Amino acid sequence: MTDTAIEAAALGKRFGWRQKGWALRDCTLRLPVGRVCAVVGPNGAGKSTLLAHAAGLLAPTEGGITVLGTTPSAARERMAYVAQDKPLYPQLTVAETLRMGAELNPRRWDAAVAERIVDEGGLDFGSKIRSLSGGQRTRVALALALGKRPELLLLDEPMADLDPLARHQLMGTLLADAAEHGTTVVMSSHVVAELEGSCDHLFLLGGGRVRLAGPLDALIAAHTLVTGPTGDLAPHIVVESRTTGRQITALIRPEGRIAPGWQTAEPTLEELVLAHLRAPGAPALTLTDEGDADNSQGGNGGNDDGETNGTRTRGASV
Amino acid sequence: MSAVTVVSAGTSQRRPAHPARALARAVLRPHQSALWFWGLLVALIGGGLLWAAGPGFDAVWDAYLKSGCRETDYCDMGSAYQRYDMVVTLGPAVLSVAPALIGAWAGASLIGRELESGTAKLAWTQSVTPARWLAAKLAVPAALIVSGTVLLTLLNRLVWWREERLRHAVGTRDWFAVTTFTGNGILATAYALLALAVGVVAGLLLRRSLPALAAGFAGTAALMVVLQGNRHHLWPVTEVRAAASEPLWTGMLVDRGLITASGDRISDSLCEDFDCGRSDVVGYWAQSHPASHFWPLQLVETGIVVAVTALLVLASFHLLRRRTGGAA
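Residue numbers (the working numbering), protein chains in the order written: chain A, 361 to 678; chain B, 5 to 332.
It should be emphasised that the hints constitute simulated quantities derived from the structure, not laboratory data. Don't take each hint at face value.
For the chain B half of the interface with chain A, some residues (derived, Cβ under 8 angstroms), not all of them [as the list claims (entries may be wrong)]:
no., residue
1, 23
2, 123
3, 127
4, 328
Fair warning: this is a prediction, and the values are worked out from it, not measured in the lab. Glycine residues also receive a C-beta, built at the ideal position from the N, C-alpha and C atoms.
Work out the full structure: start from the sequences and follow the hints.
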């Protein structure tokens, strides 16, 4: 039994033959099992490509990816994947769709879980998929995924079609189910707010590369939001800074003690993500778990040394 | 209905069905309308051929006897023959047209639409490898196609066997006519399977239903036209010669011509008149396939079709593996 859900090593995917066609490049990251991981990034960042590789739907152009300690192809039975456009057969009914899930996953199917998720949405089992709204189709797609009892659940923009109420309710069901069974969940989104409070691990992608990767609390602890009069922030690494009049607000990765003139605050997930998205030139940062012997720092920035331990930097910010 | 289906989903979980059968059902379910169409087509044409082999032919034979025709090229046997002729023409014709339709369906509906709408991803992320998915997509339709074409071919042959007296008397149909030749032997089945493979490759290559529909149809039609157009090359011809006049050949005429005093053999197929405007003709020749060449010709053509089909099937698995990268 492995404790790694997903491990990508220099994974790269190019569509077509153009040199600029890289959807994902030099992607090295590791996700331990049992995490709820958010894959965040702007459109075209490579989120869907990363998830499709993990699901065994795409062959890498370079590098490799392992899932649950084996190839994505061999782990097929133990993971579930919901694609961004929630593909389902429009001509089938809800009941027929679930029956297909039972037939295609004979060893794992849990009809009760799938039926409960459909029931909670008040869906009629006899209605055709083509007559359902986008949100209702999302619900059926999730029922199909959870009915498989996956060890790893890959969700590509899962909540995009849902109204806030359904989103909240379905996310609750999903996370409760995942917590109960120790399922590793990976979900991509470009709406950061939808992930706040529900995930404990983060992969931030941009331009097909990894920008941030690691446990969420460690990543947040590694950054500090500072406000103060314009001045030099060296030796800290400045991710992004904005000047308003004589005030400067910056997101930094502290390197040692912060000078007393600065007001410091812990950034929220959204502030952390947005600052990195606004500053594409900021160096990448990959953190691993505390006490995790595995040294899998893959960031291509030059400042990875010594930041493996998330608590060290927290001490510097006080 | 909904309550019943939910209950059966529950039962299948408790008592798991055979995985291959379950996969076959899952493959078929989205294609129920195509299944109905094929079933109805086979039933209608099959019923028509059964009628033709029984009461239809009896009525024609009565009309022939009453007409008092002798061995002539044309004999008016009235409406009984018109009805009969329509059905017995339709039987082989359907088997000759079906491949192009199968190719279009396989390209568009079986594969192309699944890749276009993403439902293929849905299947590949269940506990089914893409290779097994493709194998089921090939095997299940192939089994249904073969059952239909074999049944219709056997009925075509039944009619052919019953009407032998009539063909002898009035020469209604030739064994080598393009649709008759295809519909009376194993070729109908071979072409239908070729069409399935062409459609599947077209769908995998183009990944969209409309282009794959066109490519599946056109690809199958083109292969059939080329192969059927060169049918007569597939077995050595029988040649007959005569000194005085055009020799009597039997069956499918391939080429004929004349022999000059210097020993040259000239094909007269492009000539206006019989002697090709030459005065030094010393004899005539004709090359043809007699009726005894029916099975050799069928077998060679079927062999080629099966070989092309096998190559396309291999190509389809290769295409899929290259895309999804799954070793298993």
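Hint-by-hint comparison with the structure:
1. 23: Holds, because the Cβ-Cβ distance from residue 23/B to chain A comes to roughly 5 angstroms (cut-off 8 angstroms).
2. 123: This interface hint holds because 5 angstroms falls under the 8 angstroms limit.
3. 127: 7 angstroms, holds
4. 328: 6 angstroms, holds
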